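Novice: Sequence:
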Amino acid sequence: MAAGADGVATRPQVSNRISATDAPIIVRTKQVLASAPGAISLAQGIVHWLPPPAALTAATELLQAGGAGLSSYGPAEGLPALRQALREKIAAKNGLRNHDVMVTAGANQAFVNAVLALVDEGDAVVLFKPYYFNHLMAVQMSGGSRSVEFGECDASSLHPDLAWLEQRLAVQPGTGSPKVRLVVLTNPCNPTGVLMSEAEVQLAADLCAAAGAWLLLDNTYEDFVYDGRSHTVVDSPHVLHVFSMSKAYGMMGWRVGYLA
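Using the working numbering, the letters of the sequence shown map in sequence onto residues 1472 to 1731.
The set of hints was computed from the structure by calculation and includes no laboratory data.
Quantities reported herein were computed from a predicted structural model and do not represent experimental measurements.
Each hint should be verified, as a subset may be incorrect.
Claimed, not checked - Calculated pairs, DSS-like style, for lysine-lysine (alpha carbon to alpha carbon, straight line, at most 27 Å):
1. LYS1560 <-> LYS1718
2. LYS1560 <-> LYS1600
3. LYS1501 <-> LYS1718
4. LYS1600 <-> LYS1501
5. LYS1564 <-> LYS1718
6. LYS1718 <-> LYS1600
Use the sequences and the hints to build the structure in full.
Specialist: This is the structure in structure tokens:
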């Protein structure tokens, strides 16, 4: 640690990006829970089942076999066999037949990859309140703390206000507002659990396409749909999809997600 002119040690400063990044609310929640014995936490998406037996067996066999495959570098985009299996999954289950797949260290890394690949400094990113806190943090850490814009949800239904989105996307650069480069929707929503209809998702995609903006659909909770309803995605070149193994498969600590 260096010493200043007065002989007092000075500490190097963190980047402006990190200084402008919100602290994760989960940390604060855990502090509150620690002071409230017996409280039931609804703060984090933690499931209470184990990974599928096939996953446990495969991991055990890999550890027991040892060899180079246990510690060598793999393809940055994911193992070919896994990527092929995921392509088949998104085609059969989600109807995505024109999307490739990249395996990531959880859905959060998939989101960060998308932000870094698509958004430049000064571009606007739209999140709808209430939003998943990690989405905001990812944009902030990427240098976009001043360019996040918050759309509102209907007060009674909690569905995103797509009329507001249409108006915002119609704003032209040079009028005092930056161009919207990326719109983010989590469906079903974290934290509300609201499921957008097929018509709503398609409308959001159409609005983004007309405005030359990317749409990112976070499908982490795609399997948490009830009452005979169905989860919807859009198969279009300007729409990215984030998926996760953490919730439905109980593989939270394994950190496996994918981007399509």
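Novice: Checking against the hints above, which ones are violated?
Specialist: Violated: hint 2 alone.
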